[in-house]
Amino acid sequence: MQEPEITEALVAAHGLKPDEYARILRIVGRTPSFTELGIFSAMWNEHCSYKSSRRWLRTLHTTGPQVIQGPGENAGVVDIGDGLAVVFKMESHNHPSYIEPYQGAATGVGGILRDVFTMGARPVAAMNALSFGAPDHPRTAHLVRGVVAGIGGYGNAFGVPTVGGEVRFHPAYNGNCLVNAFAAGIARADSIFYSAASGVGMPVVYLGARTGRDGVGGATMASAGFGADTEEKRPTVQVGDPFTEKRLLEACLELMASGAVISIQDMGAAGLTCSAVEMGDKGGLGVRLELDRVPVREAGMSAYELMLSESQERMLMVLRPEKEAEARAIFARWDLDFAVVGQTIAEDRFVVLQGNAVKADLPLRALSGEAPEYDRPWVAPAAPPPLGPVPAIAPLDALRALLASPGHACRAWVWEQYDSQVGADTLRTPGLGAGIVRVHGTRKALAFTSDVTPRYVAADPFEGGKQAVAEAWRNLVAAGATPLAATDNLNFGNPEKPEIMGQLVRAIQGIGAACRALDFPVVSGNVSLYNETEGRAILPTPTIGGVGLIDDIAGAIGALPREGDYAVVLGPTQGHLGQSALLWEAFGRAEGPPPPVDLAAERRNGAFLLAHRHLMSAATDLSDGGLALAAFEMAAAAGLGVALEAEDIAALFGEDQARYLVACGFDEAEALAAAAAAAGVPLAVAGRFGGDAVRIGAATAPLAELATLWRTSFSRALGLPD
Amino acid sequence: MRAAVLTFPGSNCDRDLAVAFAAHGFAVSRAWHKDTALPEGVDVVGIPGGYSFGDYLRCGAIAARAPVMAAVAAHAARGGHVIGICNGFQVLTEAGLLPGVLMRNAGLRFVCRRVALEVATAGSPFTALWQAGDAIVLPVAHHDGNYAADAATLERLEGEDRIAFRYRDNPNGAARDIAGILSANRRVLGMMPHPERAIEAAQGGTDGSALFRALAGAFAVA
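Residue numbers (my numbering), protein chains in the order written: chain A, 1 to 722; chain B, 1001 to 1222.
If we strip away everything but chain A, and leave its shape as in the complex, we get (with noise of 0.2 Å):
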C-alpha cells in the first residue's frame, strides 16, 4: 500500500506543532515514515504524554507508609494490611461519550477495569462521576440515557458493582459532557504486576480480542477541542465488549497464578504503541514487533492502522518462554487470542516489520522520554468580588428548590440501572454516602467516595481543589472509613489559553495542599484537557476519588436514622452562601468565592468523628445544599420526617465546610457533647429525625409531598420515562 507523503498539513492533521515535528526531526535524524509520524502523534499527545500538566502533577502529595505504588502505573497501589492490597484508579472517557454516549462510556468502564486487573487485582468496584449540560438543552437527555445505559451494560455484564459517582448538570458541559470512571480491585500486596519488561529476547505476547480499525486517532482526538465536525468523528469511538474483557479478566488472573507473567499492559489509548512504549521504556530494553502475527479482525490493514488502532479488550504481556505452552492453554480455555507479536531486544529501538518491511525504527526512550513538556503561560484567576444581598426565600421553598433540581434530586433512575450488588459484597448501596465494599473472604471493607464542586473550582480554583478532596475525605470518615489515599481525574479546557493553565494550577495546588495537611496521598490520576467546544470551556472539574479502609465491618457507620434521633451538626456553622447550591438552584447565580476550607479543622473533626463513631447510628458530612439538604435526604432514605430548629438561611443551607450531620439517641447526644467540648470540636443539636413530616422553623410540609419531588425530579426535569 501506498504511504501518503509527510507534508505539513499530514503533520497538523496529527495534532503535532510545527517545533515538535523539528522536535521529531531532531531524533529520528531523517523524515519519519507515515507509520513513525503516527506514532509519534499517540504518544506525544496531551493525552498519553501530560505534556502541560506533567511538571504540575510532579508537585502532587503522592507518597506516605501505606503506598506500595504511586501515579505512573496503570493504577495506584495502597497497602490494606494482612498482605492485602486495593489497586485504583479513576479515568475520563468525555470526547468518546459526547459523540456516542453508549459505546464511548462502555469503553470508558472498560480502560479502568482493565487498569486495575492489568495489575493483578481482581475489581471489586466502580463509580462513575458524570457532568452534563443543562438539563433543557436538547441534546442532554440523550447523553444521559446513553451514558446511564453504557456504564450499566458494560460493568453489569463485567460482574462488577457500581457503588457511587456523581451526577451534575451546567450549561457549561453543553458542548462536552465528562464521563470519569473509577474501578478498585484487590490483590495479594506480594502479587502486585508491573508494566517494565526485563530480560532481552523475551516473546512479547498479544492477547484478547483481535484487532480492528475502531478507535484509529482516538488519543489525538481526545486531545482537541470540538468544533462543527464533531459529528464526523464517530467512527473514532470504540465499541466495547464486556463479554470478552470478563473473559480476558479471569484469564489474566490465572496467567498471572501460574507464573508465567514478567510484564503485563493494557491497551488502551493509541493501543499497540503506547503499550509496547511503555514496557520497553520502563524496563531499558527495545521491542521488535511483528505485524503479520496480530490477530485481526479484518484483513488488509496498514501497519499504521495496526499500530494505532484502540480496539478494546488487548493486552500485551512479556512471557517467560518456558511457560508458553501453560499460557496457551489458559487462553484457549477462555477461546481469546493468544500470539506472539515479538520479542525484547537489548538495542534502543522500537521496530515495527509487516512482511518484510520495516515500517517503523525509531529510538525506543526518545518516544516517551523526550516527548515535549510545556511550562504553559498562566494567570491566577482574580479572587470572586464578596457576595451582595440574598433574596429573601422561606426555608421549605429553598428545600424545594434544590429537591426539585436534577441535580440535587433522588438520582435512583441512574443507579439503579448500575448492579451495586454483583459479588454480594456491597455493605452500602449508592445513594447513602460512599459506597462501602467488604474485602471477600475478610472483616475488612473499603469505602468509595467521588467528589467535587466545580462552582467552586471556577471562582476560586485554590480553594476549590482544596474542597474537592475535603469533601472526598470527609465522606469517606462519615461511613466510619480511614481516608487511605486519593485519586485525581482533572477535567479542563484548552491549556494553551492562560486563564484556563491558570484553573488547572491553581487547582492541583489546592490538591496538593489538602492531601499532604491529611495524609491522603494521590497514587494514580488522569488529566483530560480541551474539554471546549468553539472555544467555550467546561467549569474546572478536578473530580477526586477517595479509598478509605473500614477495619472491621462492625466499625462501618449506618447512612439510615433511627425514629427520635437527635440530628447533630459537627463542626462549625457560620452560614456561607457564596457559590452555594441554592443561590444556583433557586436564583440562578454563581456569586461570591467558595467556601474557604480549613484543612486543620477537617483533620480534627475527621478524627473526632471516627473516634467516636460508636455513638452514632448514622452520620453523612455536610457539603453542596447544607445542613438542611443532608438532613432531609437522610430522613427521607430512612423513610422519616424531620425537624429542624434554625430558620435562617444562611445556617440552613450554608455550605461551612469541616462539618458532620449526625443522628443519634439522647444518652449519645449527650456524651458526645461532652466529647466534643473536650477536643474543641463545635458541636450543636439542629433537631431530631422522625414522624412523617419535615419542619423548618415553624413551617412544616408532609414528608409524603417532598419526598415525591425528590424521588420523581431527575426523570421530569430531563424528560425521561419515569
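Quick caveat, the hints were computed from the structure, so don't treat them as lab data. Among the clues, some could well be false.
Claimed, not checked - Interface residues of chain A toward chain B, partial, derived using beta-carbon atoms under 10 Å:
hint: 1; residue: VAL148
hint: 2; residue: GLY159
hint: 3; residue: LYS246
hint: 4; residue: ARG297
hint: 5; residue: GLU298
hint: 6; residue: GLY300
hint: 7; residue: ASP335
hint: 8; residue: GLU416
hint: 9; residue: TYR418
hint: 10; residue: SER420
hint: 11; residue: ALA424
hint: 12; residue: ARG428
hint: 13; residue: THR429
hint: 14; residue: PRO721
In this text, a Cβ means the ideal position worked out from N, Cα and C, and glycines have one as well.
Given chain A's structure and the hints, the job is docking chain B onto it.
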C-alpha cells in the same frame, strides 16, 4: 449434600452462589460449560446469574446449548434439584427445563433494587420454610426479567401451584407478577431475584437464607 455451580463464559454470580451454598452446609464443586458430566454425586445444580456468552443473542440461548446442559437435563430428568437464578432462570427456560421466556423489562432499562416479594407456595424444597403469602425482600438486578408465557401455560402454572414467588411491585412487567416458577416435579426452580445476595445482615437483608436452609433441610431429611 453436594451442590455443583455451573460457570459459562460471562457468568458473574457463580462465586456468589457457591459461597451461599457453602454457607448453608453444602459441599460445593464447580462445573465448566464444556463439561459433559456433572461432578459425582451432585444433589443440587446451581445455574448462576451473569451474562452467559455475553447474552448477545437471546439471554441464556447459547448457554442452554452448552455441553454441560445435557448433563443438567439428565440430572433433572432423574429427579435431581436445580436452581437457576437470574441468567440461570433464562438458561432454564431456553433449555426447556421450565416453560415460558424472559423478555426485556417493560421499562426497557436495567433495574437493580430490593423488591418486595410474596412467597406464592410453600410446597417446594426451596420454599418449605415459608408459609404461602409470606412477604420477603430480595434484590433484583436484570435487564430481561419480564416473564411471559401463553395463557394456557400461565393457567397451568397457577393451577398446579407452580408459581414460587410474585412481585408485590412489579419491576419488569412480568406476567401475573411472576418472579419465580417451579417445574412439574417441583425440583427445578427458576427465579429472577438473587437470594444469594441476601444471606447475612451485612448485605442489607437475610431473606435469601431461608431458601438455602430449606434446600439443605430437604437433603438432611432424605
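Going down the list of hints, with the structure as the test:
Checking VAL148/A against chain B: minimum C-beta separation of about 9 Å stays under 10 Å; hint holds. Interface hint status for GLY159/A: upheld, as the beta-carbon distance to the closest one in chain B is roughly 3 Å, under 10 Å. Satisfaction of the interface hint for LYS246/A is found here, the shortest Cβ-Cβ separation to chain B being roughly 6 Å, below the 10 Å cut-off. Below 10 Å, beta-carbon pairs count as interface contacts, and ARG297/A has none with chain B, the closest being about 16 Å; its hint is therefore violated.
With 10 Å as the threshold, the beta carbon of GLU298/A stays out of range of chain B, its nearest partner Cβ sitting at about 19 Å, so the hint is violated. Interface restraint check: GLY300/A against chain B, minimum CB-CB distance 26 Å, threshold 10 Å, status violated. A distance limit of 10 Å between C-beta atoms decides the matter here; for ASP335/A the minimum to chain B is near 7 Å, and the interface restraint holds. Annotation: interface hint on GLU416/A holds; nearest CB of chain B at approximately 5 Å, less than 10 Å.
Interface hint status for TYR418/A: upheld, as the beta-carbon distance to the closest one in chain B is roughly 6 Å, under 10 Å. The closest approach between the C-beta of SER420/A and any C-beta of chain B is roughly 6 Å, which is under the 10 Å cut-off, so the hint is satisfied. Nearest Cβ of chain B to the Cβ of ALA424/A: about 4 Å, under the 10 Å cut. The hint holds. About 8 Å separates the beta-carbon of ARG428/A from the nearest beta-carbon of chain B, less than 10 Å, and the hint is met.
Taking 10 Å as the C-beta contact cut-off toward chain B, the hint placing THR429/A at the interface holds, the least distance being around 7 Å. Of the supplied interface hints, the one on PRO721/A holds, with its beta-carbon coming within about 7 Å of a beta-carbon of chain B, less than 10 Å.
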